[in-house]
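For the record, the sequence lines run as chains A and B.
End of the first sequence = 193 in the numbering used here, gap-free, step of one.
End of the second sequence = 458 in the numbering used here, gap-free, step of one.
Source of the hints: derived by calculation from the structure; they are not laboratory data.
Source: prediction; values computed, not measured.
Among the clues, some could well be false.
Beyond 10 Å from chain A on every Cβ pair, some chain B residues (computed) [what the hints assert, rightly or not]: (1) Asp82; (2) Gln85; (3) Leu91; (4) Thr335; (5) Glu414; (6) Pro447.
Straight-line distance between alpha carbons at most 20 Å, and here's what the computed SDA-like set of lysine to any residue pairs gives [stated by the list, open to error]: (7) Lys174(A) <-> Asp67(B); (8) Lys174(A) <-> Leu69(B); (9) Lys174(A) <-> Lys458(B); (10) Lys174(A) <-> Arg74(B); (11) Lys458(B) <-> Gln382(B); (12) Lys174(A) <-> Gln382(B).
C-beta atoms are modelled at their ideal positions from N, C-alpha and C, and glycine is treated no differently.
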Amino acid sequence: MEPSASWDADEAVTALYAAHYRSLVRMAALLLRDTGAAEEVVQDAFIAMHGGWRRLRDPDRALAYLRQAVVNRARSALRHRSVVERHAPAGSADAPSAEDGALGALERQEVMAALRRLPTRQREVLVLRYYSDLSEADIAAVLKISRGAVKSHASRGMTALRATLEQLPS
Amino acid sequence: MNHDDPLGEALRRVLRAEGDEVQPRGDGLGRIRERTGRRRSLFARFRPALLATATVAVLGVAGGAAYSTLLGDEQRLVPPVTTPTSEPATPAPNATELPPTLPTPRATRSPRPRPTPDASRSPAASRSPVGAPSNAPTLPEAATPPPPGDPAPDDPKPPKSPSPSPTTSTPAPITTSTVAVYYAGDTERGLKLYRELRAVSVTGGAVITAAIEEMLRATPVDPDYRGLWAPGTRVLGISKAGDRVTVDLSAAAPADTELAMQQLVHTATAVATDVSTVQLRVNGAPVGGPTGRAPQTDVLAPVWLTTPVQGATLPAGTVQLEGVATVFEGTVSWQVLSDGEVVEEGFTTASEGAPGRGTWSDTVTLEPGSYVVRALTYSAEDGSPQFADTKQITVK
C-alpha cells in the first residue's frame, strides 16, 4: 500500500474514518453520554482535520489531532448541555447489553455513575487511559497538560472510584 | 500502563462494555463529506431524507419485516468495503454510505471493520446444546423475598417458599437494586415491549432471579402494559454458563410466545450485562434454542415515555419529560391533557433518529392538577398520531 504522505485530504478522511470513527465516537460517548452528540463531535473533528491535513500530512499526527479535537469539543458540549441526565439509569437508550465483562450490572452502573461525577479532567484522563489505552505521554499531549498532571488526575480519579466500589456489596 | 491494578482492570472492562454499546449510525462519512465540500449529486445530498421517507413508506405497506431487514443492515453499521465510488453517478442501492477502498494508514493494521460484538447476538450464532445445568456454574439462588415497596403484586398466592441455598450457610446479603422489567403494550404496529424500572430486593446477588420474578409476579405500574406470562408462573431454577442463562419456569407462555420470550430475554439481559442469550425450560424441558434480543425495531415500542412514571405526584412548576424512541428524524411529540383537553404540547429531538433508538427529554411547566402526559409521533405518511405512551400524573 502506498504510504499516506501522498494522500489528499479526502483520502485521509476516508482512511481515518474507516479505521477510527467508531472508536472515537465511543470515546466521545463515554465522555458525553449521548451517542448522537458524540457523533456530531467526532464529525466536527474530522472536518477540522480535513481542513488541517496540509499541515498534518501524517496519519499518526492526524489521529492525535482527532483525539484532541474530540476531547475538546466534548468538553465544551458538556459545558453547554442544559439538561443533565443525572438520574437516567444505565443503558438508558436501551442498548443491548451483552458484554464479556464479569462485572455485574449494578457494579457497572455504579462505576459509570462515579466516573460521571468526577471533575472533567479526571474523567478525561481515565477514559483516555482505560478506554483508549493511551500512554501517559499521549494523554499529556492530547490534553495539553504535563505528565505530572496526568498522573495526579489519574490517581485522584481512581481514589474516588475506589471509594465508590468499596461501598458495593461484593 | 499498569495492567496489574485490579481497579484499573475493572474500569477497563466497564468502559469497554459501555463503549461497545455505542453503535454509531452508518452515515458519518457521508455527513463529513457533505461538509468538507466533496461534490455529490443532488440526489445523493438528499438521500438520507429520501431513504428515511421510503423506509417509512415500506413500513406502512409491508409491515415490520421489510423494515427490519433494512435496519438490520444499517444497525450493523460496519460498512463492507466495496467498489470505490467516490463520485456516485447513480445512488448506491444500500442505505449505508460505503467508504471507497483506500490505502491502509500505517497507524492501524486493521482498517477493515471487524465484526461487531453484536454479531454473537444474532439468532444464528451459537446453537450448541445447553450444558447440563448441574455442570454449569450456578448463580447464588437463595429466595428473593417480595420487595417491600412493591406497587401491586397481582399474584394472589403467597410468595413461594424459599429454596435453600446450596453453596452457603451464612445468610446472603440482601440489597435493593433497580432493575429494568419489560412488559408488553399495544401499538399501531402490534404488541411491543415497554420498560419499567423497579426497585427489587436482591438476595446474595441473584439479581437475574429478582428481575425475572418481578417480571412474572408484579403487575406493571402502567395499566396500558401487561405481562405475557400466565399469572402464577414460577421460577423453578436459574443457572448461568458463560453468556447464557438457563431459566426454568413452571409454565409456558399462553400466547404471543415469541414476544413473551423477548420479554424474558430483555429483562434478563438488561440486568446482567454479561448475559446475551436465554435458554428457556418449562418444567425442566428445553423449549426452543438459546435466544438473544431480537432487533429493537421488531420488538420494542417505538416511543417510550419513561419520566414521569405512571401515578407520579410531582411538585408544581417545571416537570421533566424523558423517554426513549425510534422515530423518523428523532422527532418526538408530547402532550399534556387535562380532562381530555390538550393544555400543553411540544416536541423535541431524540439523540438518534430511526433506525437508531435515541433518548429524548423536554420540560413543561404545570400548575397543580391531574393530568395525562403522552409522548407520541406523527405518521410521516398521513400525519396521524402514533405510538402514544401515556402516564397519569398529579401535580401539587
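_20 Å Cα cutoff - pair Lys174(A), Arg74(B)_ = Given that 20 Å is the threshold and the Cα spacing comes to 17 Å, the pair holds.
_Consistency of the no-contact label for Glu414(B), given chain A and a CB cut of 10 Å_ = It is violated; Glu414(B) is separated from chain A by about 5 Å at its closest Cβ, not greater than 10 Å.
*Is it the case that Thr335(B) keeps its Cβ farther than 10 Å from each residue Cβ in chain A?*
The claim breaks: Thr335(B) does not keep its Cβ more than 10 Å from every Cβ of chain A (closest is about 5 Å).
*If you draw a straight line from the CA of Lys174(A) to the CA of Lys458(B), is it 20 Å or shorter?*
Distance ~50 Å between Lys174(A) and Lys458(B) Cα, so the pair is violated.
*Against chain A, does Gln85(B) hold up as non-interface, every C-beta pair farther apart than 10 Å?*
Violated, because the least Cβ-Cβ distance between Gln85(B) and chain A comes to about 7 Å, which does not exceed 10 Å.
*Compare the distance between the alpha carbons of Lys174(A) and Leu69(B) with 20 Å, and conclude whether the hinted pair is satisfied.*
It holds: about 16 Å lies between the C-alpha atoms, which stays within 20 Å.
_Exclusion check [Leu91(B) not at the chain A interface, CB over 10 Å]_ = About 5 Å separates Leu91(B) from the closest Cβ of chain A, which leaves it inside 10 Å; violated.
*Going straight from one Cα to the other, do Lys174(A) and Asp67(B) come out at no more than 20 Å?*
holds, 15 Å
*Pair hint outcome, Lys458(B) versus Gln382(B) [Cα-Cα no greater than 20 Å]*: holds, 15 Å
*asked:* So if I understand the rule, the pair passes when the alpha-carbon distance is 20 Å or less; does Lys174(A) with Gln382(B) pass?
replied: violated, 39 Å
_Check on Pro447(B) being off the interface with chain A, judged by Cβ distance over 10 Å_ = Fine: 23 Å to the nearest Cβ keeps Pro447(B) off the interface.
*Can we trust that Asp82(B) is non-interface, i.e. its beta-carbon lies farther than 10 Å from all of chain A?*
Since the minimum Cβ distance to chain A is about 6 Å, Asp82(B) lies within 10 Å and the statement is violated.
Checked against the numbered hints given earlier, this structure breaks hints 1, 2, 3, 4, 5, 9, 12; the rest are met.
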